[in-house]
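*Asks:* Using the hints, put the two chains back together into the complex; each one sits in its own frame.
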Amino acid sequence: MTLGTWFALGIALVLAGEFVRALRRRGLRQGGGGERWRRFFRHRTTSWGLGILTFLVIVAVAAPLIAPFDPNRQLDIVHLKNQPPSWTFLFGTDVLSRDVWSRAVYGARVSLGIGALGALMAVSLGTLVGAIAGYYQRWIDAVLMRGVDVGLALPRIFILLMAVALWDGLPFAALVIAIGLTSWFGTSRLVRAEVLSLRQQDFVVAARALGVQTGRIIFRHVLPNAAAPIIVSAALGVGNVLLLEASLSFLGIGIKPPDPTWGNMIADNAPSIYSAPWSTIVPGLAIALVVMSLNAVADGVQDALDPHEREPV
Amino acid sequence: MTNPVLLRVRDLKTYFVTEHGKGTARAVDEVSFDLYAGETLGIVGESGCGKTVTSLSILRLIPEPPGHILPGSLIEFDGRNLLALPLPELRAVRGNQIAMIFQEPMTSLNPVFTVGDQIAEAAIIHQHLSRGAARARAIEMLRLVGIPDPEERIDHYPHQLSGGMRQRVMIAMALVCNPKVLIADEPTTALDVTIQAQILELLDKLRTELGMAVLLITHDLGVVAGHADRVVVMYAGRVVETASTEALFERPTHPYTEGLLAAVPRIDAPRSRLHAIPGQVPAATAWPTGCRFHPRCPYAWDKCVAQEPPLLETGGGAPGHTARCWLVTEPERRVPRR
Numbered sequence: 001m002t003l004g005t006w007f008a009l010g011i012a013l014v015l016a017g018e019f020v021r022a023l024r025r026r027g028l029r030q031g032g033g034g035e036r037w038r039r040f041f042r043h044r045t046t047s048w049g050l051g052i053l054t055f056l057v058i059v060a061v062a063a064p065l066i067a068p069f070d071p072n073r074q075l076d077i078v079h080l081k082n083q084p085p086s087w088t089f090l091f092g093t094d095v096l097s098r099d100v101w102s103r104a105v106y107g108a109r110v111s112l113g114i115g116a117l118g119a120l121m122a123v124s125l126g127t128l129v130g131a132i133a134g135y136y137q138r139w140i141d142a143v144l145m146r147g148v149d150v151g152l153a154l155p156r157i158f159i160l161l162m163a164v165a166l167w168d169g170l171p172f173a174a175l176v177i178a179i180g181l182t183s184w185f186g187t188s189r190l191v192r193a194e195v196l197s198l199r200q201q202d203f204v205v206a207a208r209a210l211g212v213q214t215g216r217i218i219f220r221h222v223l224p225n226a227a228a229p230i231i232v233s234a235a236l237g238v239g240n241v242l243l244l245e246a247s248l249s250f251l252g253i254g255i256k257p258p259d260p261t262w263g264n265m266i267a268d269n270a271p272s273i274y275s276a277p278w279s280t281i282v283p284g285l286a287i288a289l290v291v292m293s294l295n296a297v298a299d300g301v302q303d304a305l306d307p308h309e310r311e312p313v
Numbered sequence: 001m002t003n004p005v006l007l008r009v010r011d012l013k014t015y016f017v018t019e020h021g022k023g024t025a026r027a028v029d030e031v032s033f034d035l036y037a038g039e040t041l042g043i044v045g046e047s048g049c050g051k052t053v054t055s056l057s058i059l060r061l062i063p064e065p066p067g068h069i070l071p072g073s074l075i076e077f078d079g080r081n082l083l084a085l086p087l088p089e090l091r092a093v094r095g096n097q098i099a100m101i102f103q104e105p106m107t108s109l110n111p112v113f114t115v116g117d118q119i120a121e122a123a124i125i126h127q128h129l130s131r132g133a134a135r136a137r138a139i140e141m142l143r144l145v146g147i148p149d150p151e152e153r154i155d156h157y158p159h160q161l162s163g164g165m166r167q168r169v170m171i172a173m174a175l176v177c178n179p180k181v182l183i184a185d186e187p188t189t190a191l192d193v194t195i196q197a198q199i200l201e202l203l204d205k206l207r208t209e210l211g212m213a214v215l216l217i218t219h220d221l222g223v224v225a226g227h228a229d230r231v232v233v234m235y236a237g238r239v240v241e242t243a244s245t246e247a248l249f250e251r252p253t254h255p256y257t258e259g260l261l262a263a264v265p266r267i268d269a270p271r272s273r274l275h276a277i278p279g280q281v282p283a284a285t286a287w288p289t290g291c292r293f294h295p296r297c298p299y300a301w302d303k304c305v306a307q308e309p310p311l312l313e314t315g316g317g318a319p320g321h322t323a324r325c326w327l328v329t330e331p332e333r334r335v336p337r338r
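If you read the protein sequences in the order shown, they are chains A and B. Residue 145 in this note's numbering sits at position 145 of the first sequence, with consecutive numbering throughout. Residue 105 in this note's numbering sits at position 105 of the second sequence, with consecutive numbering throughout.
Hints are computed from structural coordinates only; laboratory data are not their basis. Not one of these hints is a red herring.
Ranges between beta-carbon positions, derived for each pair:
1. A:Q200 - B:A92: 21 to 27 angstroms
2. A:Q200 - B:K303: 40 to 46 angstroms
3. B:A92 - A:A173: 42 to 48 angstroms
4. B:S162 - A:R26: 29 to 35 angstroms
5. B:N81 - A:F158: 51 to 57 angstroms
6. B:E151 - A:R44: 33 to 39 angstroms
7. B:P66 - A:V143: 16 to 22 angstroms
8. B:L85 - A:A173: 46 to 52 angstroms
9. B:P148 - A:V143: 49 to 55 angstroms
10. B:A92 - A:F250: 54 to 60 angstroms
11. A:R138 - B:P265: 46 to 52 angstroms
12. A:A288 - B:S47: 55 to 61 angstroms
13. B:A92 - A:R26: 40 to 46 angstroms
Backbone N, C-alpha and C define an ideal beta-carbon position, used for all residues, glycine too.
So that you can see chain B by itself, here it is in the shape it has in the complex (with noise of 0.2 angstroms):
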């Protein structure tokens, strides 16, 4: 990759405090992933895994108490460690070079302001512009993202709207002021599938357009292999794998990922049924010990339980493939158990 890395994910530790002390849940667990510019980072995993929290700990959005990043975790943007950043200079990141989409349209827009006042808001509280200045702004915006007759929609408020017409406006709120990262939390779960295609083409082409580098964050996979160059594999707070779309897709390493694409259900394959990955993500306050997927790994061997393997590199021609997996080091043992 020959584009800077923009945004420097190290050793992420994104803690919650239960409440009647019953333990910490360690939702986010030494998780480093690096965004270059330009491009568009996956990261997938089911729900639980951890993926939510990582990206609203990278704007510091996680609710204190009970969560707390733990000191030690670094996210370098620009030269600067968000975590270690005073209040006000982190507001001037937020919405302004670091911007977020999120999973729920239908809640996500106040209710009570029309659309144009909305999206007017980061431009004025980051560009210092007009209300009238403000106004023109968000009607481009509103053009930018396909919104028919922007002049009239911008006086609409948020229930007059469809749902992938609110995802619309909350991608022209988060792009107004040109953030050099869009971070898409599940932009498209709340969607149906035409609305979903729309807009995850709406991203792509405006990524292209305005050169900002998207973190997508999702547990559709189908997303990740139309729309993201880089994939990170997220399970029980860790990172399990990290591989280019196509050698993820070509090469699973990590039983997790080989799992989840065998959950995929393909339209060229002769009828079956559908895999599951058997069990579910452990609670968060007690993950297992060793690898934290071996109670559900169809390959796991004592050392698994024994030991948690470190992120390795796969080698196979693909540099930067990593999976954290004691298979890597032992690949003849591949054979399923049951």
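Excised from the complex, chain A in its bound form (with noise of 0.2 angstroms):
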């Protein structure tokens, strides 16, 4: 690590701190959309998340300010192996020599783009077709339904197999949709039993009889009833994309090395997890700090989205 990169670390921290606070300061002030900011902000883990989120995402845009060295070099592969943690390795080096430190934060780029975009895709596709399903019922609940159940029970690496024989090598964007459209069907069974039971509700027939076309029923009136569920399954997702993407980079269809991500970096040192344990419990801490971070903020949004006024337990 040299001074400019602990520099450039500092300036991240800070820079996250502070987006925190301003959006605080925001939530306190009164009027207009403060109602919602105070509630998002009513849990002090949802700071910690949304700081959290946003440091990481700092780093990962100015990977090349903080990561020490390159992330695909080997520095010396016979004497620079497996190092502990020290000053020049923050966070020691891998079994090709390669700086851990520097591979979390590039891989940092890739695993939050693919978590953030393929939970994204997963988790509106599923929306739509739960709520399409959900709504009208009958013979379109009855085809998308059964849709589910076959994407359900297909397993998931076979398809995303074929798609890499079809594409020959993951391209990111190509793997982003490749897990979008396989992530959906959970997300799609949630939203519908939400809608089942939201459509009844006496409000969705105040609102049909109030001349209200059924798009703006289902979009404006029914979902953001449901919206705690499914932005749970969102925060949720985001890991177990992430973890989808370890487990293609394990297989070697996910990106390719020596690009990292942390699934492949938890991949690729498996082995050595004994003897060089760093190596793996630094991509591995990484994913679960996004995921439980992630779970905070959902926390939070979910707060601000009910207008029910509930103390913090």
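*Replies:* Dropping the structure here:
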């Protein structure tokens, strides 16, 4: 670690902290959208989660400034492999003598990107299909849900292997699409169940009696009331996508080596987990941190969307 | 009645297919009535007699399946049969020309939107107002329905309001586009008595101010007596008696109406046990043969079991007073068996 990278890291931390503080201040101000922000920040953990996510995003964006080494360079395969953490190598080196910290920093780009985009795609698709099936019922529901059954029954790895055969080595966008297209089945079931019960509610009948169009009823009246489970499933979805990416990398069909992702860092270094645990623990902790932070933020979003006052537990 | 007919309902049949093929529930069976401009028409009857299904059928809000409105039914509004209208045109009627308020103010408002957003919605959809104009209109409506501090209340969520306030908000939502017809389905059932009186007075006041017609659906004859011009009594999916409110209370003709009136506790009568109509409304899948009220009727004789009476003019100086009862033709049989 050079002085410059420490400095960049410090700036990233300060920026993340200031960002959260600025939002909090906005939340404490009265009027306008302030009420929502105030509810968002009701739990301390939400601030922490948001701070950690912001920090990770800044790190991913500013990776060249924060990583002291080229993430793919094998520094000295004889003398510097599996080095424990030190001032030079903050998180040690891996089995091929690459700097774990630099790889984790660059890996954040791919992993966060795939996690966010893949989960976003999966949740949007699942919500759309679930809402349509649940609202229209009858044959539309039957067709869509049988489709979901098929999707759930097919092994996802098998589908992705076929996709690899088609694309001949997955570029980033293709990987996101492949993951998005195969991860929405659970969400659609969940959303359908919510919509099935919500559509019977009096306020939906009341909206129909007011002449509101069907699309508007689904998106304005039904889905906002189902926001809580959708958001939770999105937060969990990011974690699942990160893990899926890891297993794809493990099978050698994810992002191509030597480019780092948190998933393939774990996969590559799994054999030396006893002798050099840092090279697997660091990306593992990063994944865990993202999932926990997302859950904390998801709680906040849920509070922000739910107008009922609830005391923090 | 010199006013023009606004809403004409003829031979309305709404049936429900019950699960497992146990038969068809004939919830509303050949119901006909007229709603004149500017009047309040009460529809009364006990639970399960088809009042709510009738009101939902008018705007085609019956869940389909299992429900369906049979061909041959007619709901004519403004010269058009609402039952034959394509959905986009029907939507332009809903909330705009015919509006509806519901029984349960607690669940009929969307919990995640402010009341202002919900009142403004119909104005935005039907009158294409801008958000700002719709908000101003919503404030105006809140003031009209008697909610104090409308500028502040508009940003409140439904759970922050009491039941009576929420029903006022529902009324504001329904009236935001100045509808010609307001269907009020038991608007006060879920409210306590003092609030009930306030809401009904508010409805009366708004009806005269805005010149609309109100279809007031209730099981409470007291509500009808105070607020309706004419009354349609329903039993077992059928209209059994139609009359002006005065005529109905002075000379109830159908034994069911008689029973309903006798069941109202009176403050000026000597204290005695309350009268109750024996039995219950039969299941809609198996209405009795002949007159549907005969199993519970104190006067019924063989003819009532064999043959269902049509709606008969009662005469007696009150035109438009009709009853579906053979007693109209054989008044001497009005002697209770028990």
